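Those protein sequences? They're chains F and S, same order as listed. Position 134 of the first sequence, counted from 1, bears residue number 137 in this note's numbering, the numbering being contiguous throughout. Position 84 of the second sequence, counted from 1, bears residue number 108 in this note's numbering, the numbering being contiguous throughout.
It should be emphasised that the hints constitute simulated quantities derived from the structure, not laboratory data. All figures in this text were calculated on a predicted structure; none of them were measured in a lab. Where hints are given, some of them may not hold.
[Claimed, not checked] Some chain S residues judged to face chain F by a derived CB distance under 10 Å, without partners named: (1) 32; (2) 232; (3) 240; (4) 248; (5) 261.
Where a beta carbon is used, it is the ideal one built from N, C-alpha and C, also for glycine.
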Amino acid sequence: MGDVGIEQFRSEARRWIGERQSADPDLFVQPVASLEDAWPHHRALQRALFDAGLSRRGWPEGAGGLGGSTTLRAVLYDELWATGYVPEGFQTLEIIGPMLCRYAGEIASQHLAAFIAGDEVWCQGFSEPNAGSDMAAIRARAVPDGDGWRLSGQKIWTSLVSVATHCLVLARTGTIEERHRGLSMFVVPLASPGIEARPIEAISGRNEFGEVFFDDVAVPREALIGDIGAGWALAMYLLQWERGGYAWLRQGLVHRRVSAALSARGGLAHPALARAWSAAGVLRCRSMSTLRALAEGVDLGPAISVDKLLLSRTEQFAYDVLREMAAGDFELDAGDAAEQLREEWFYTRAASIYGGTAEIQRTIVADRLLGLPKEPVARG
Amino acid sequence: MDDVEGLIRSTLQSVFAAGEVTTAELDDLGWAELIADDPALAVTVLFDEQGRSGASSAMLDVEVARVIGCDLGAAVIFPVAGDDFIAVSDGFATGAVVGPSSGSLVSGVVLDDGRPAVVSVALGAGREGAAEVLEARGTWRRVRFAVEGCSMAPVDVAAWSAGMAAARRAVAFELLGLGWAMLDLACAHAREREQFGRPIGSFQAVQHQLADAAVALYGAKALADESWTDARTEVTLAVKAEASTATLLAARTAQQVLGGMGFTAEHPFGALFRRALVLDRVLGTPASCYQRLAELLDAETAPAGSL
């Protein structure tokens with residue numbers, strides 16, 4: 004497969020989507036159902052995109068992809084949003100996939116194709132009951148055992164755990180005192196003996212996330228990602244993509260919903276919608292420059308905290324406008340469209356919590372970008 | 025920042041240190057060649073540095089002339105709303121000009137019976153038929169004149185709209201430069217000023233509001249940068265609105281963090297804040313820009329910035 008230019012790929016994707024949509028319109032309708040019931044539908048479109056080769060562009064050859072610039076993935080998401088729907092599996096793929104490609108070539112070659120195709124869904128086992136914003140306090144422990152490790156501990160707020168097949172686990176291989184230096188990253192199939200996953204019903208009613216308990220789970224040598232003690236660095240690398248590809252997916256969603264609201268008003272646009280469109284444009288342009296930098300292999304460092312803050316602020320602001328424009332449907336209507344709006348609106352509330360809270364991001368911006376003095380640390 | 029940009033910036037910083045800069049001084053530095061060579065870089069850096077230094081120049085007129093493709097031979101009268109045309113009410117047109125001396129010609133575009141037309145009028149000192157200077161804030165002045173009896177000429181509307189789009193973009197960069205200058209003053213103060221035995225910048229309550237202002241400035245800059253490849257009127261209205269909003273947030277935050285010093289005439293913050301308030305109005309405050317943007321948007325409008 005030769006490399007393909009952005010414009011060429013855009014028209015290729017647009018043509019395929021158009022043809023496929025006329026043949027099978029249901030495939031492009033976002034399901035309004037519980038996460039578990041909706042997932043087979045997400046998988047069907049993800050599979051079709053994989054088989055057509057479209058979602059393999061921008062991922063490395065040898066890891067299920069067809070090569071080419073990572074920007075091609077953003078092009079595909081733009082084209083999919085034009086139909087109003089991108090399967091949810093791409094969100095977690097965009098966060099985790101790039102880290103696997105960079106640091107776990109062997110694992111990527113074995114798993115990424117299935118991840119892109121939707122046959123595998125990976126979730127993140129980072130947060131713990133006592134390690135949220137203070138992620139360096141992680142206690143889940145991987146103890147050497149023969150050639151591998153045995154893993155014990157508890158994770159919480161693990162997104163998509165009720166549909167996930169694999170969990171990316173950040174676990175302690177060093178001492179508690181080593182803090183972030185004593186962490187390593189593993190991939191563990193959720194079907195492994197000794198793992199119990201319990202969904203937690205979110206405020207929207209959806210099983211958005213859950214708890215995962217590890218009780219002396221056997222973890223083979225091949226499950227280690229990167230080096231022992233490199234877990235924190237890998238997690239930080241991964242978070243950059245949460246500000247890149249993931250943020251790109253989210254701005255696409257916001258633009259799509261604002262367009263739909265403009266359309267519903269039949270030419271009677273409202274200045275608040277103009278503001279939402281403008282704010283979404285800010286997020287889009289910021290994440291576009293971040294994507295370009297990531298595509299060139301630039302390490303963005305603390306600047307990605309700006310993207311995270313823009314992401315949460317924009318989503319929450321735009322969805323507040325959409326709620327206002329829905330004129331009571333949000334609060335009082337039982338139909339699918341209102342249900343979808345409610346579910347999406349509630350999910351935007353989490354954007355200032357997951358992947359590093361807004362407070363943590365502001366402190367990083369203040370400390371690392373503005374050069375303000377560090378706050379004295381209280382250690383109990 | 026690469027070497028070329030660094031060199032341009034340090035040159036501009038020494039020029040703008042004088043406060044007011046003539047276009048002739050910039051031309052002596054080879055500015056025209058630089059703009060012809062790489063307008064995006066040259067114009068972005070020029071207005072950013074002009075904002076950061078709080079200086080002024082007539083380069084906004086030069087930028088409009090470059091984009092519309094001809095020199096008006098007069099200072100440009102800019103709208104003080106999100107429209108491309110200066111407002112006419114009861115036969116009088118009102119707009120804002122930067123820097124012309126009394127007696128020189130000023131020109132803007134008004135709607136004459138629904139048709140856009142260039143009007144030119146002398147900037148007067150009490151002479152009949154001349155444009156009256158209502159008030160001045162630094163080099164920016166508000167002018168008002170009776171449209172009747174002015175010389176009128178047809179205008180290429182598409183070119184004029186592109187010129188106003190370019191002006192919104194340039195003013196946005198100047199606003200963001202002002203925003204960073206104010207935020208930098210506040211950060212420097214927060215690092216040095218001690219209360220309760222520690223720098224006030226080590227308190228989260230102070231850190232987080234400064235961080236929020238910085239995030240707004242970075243975000244608005246990303247949008248403004250993209251407007252070099254996507255300069256639709258919709259986009260540049262958003263660019264101006266976001267830059268105004270971010271800069272006024274930076275101003276409000278900086279004034280709060282500076283404490284009493286931010287309210288003194290002596291502190292450099294004051295001049296920057298006053299200039300920011302003027303530029304917030306020129307070419308439309310956010311409310312005015314969003315109002316017009318709402319009229320232009322429909323469900324088919326492509327998002328700002330393309331891959």
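Structure-based check of all given hints:
no., hint, in the structure
1, 32, "violated (20 Å)"
2, 232, "holds (4 Å)"
3, 240, "holds (9 Å)"
4, 248, "holds (8 Å)"
5, 261, "holds (8 Å)"
Consistency with the previously given hints fails for number 1 only.
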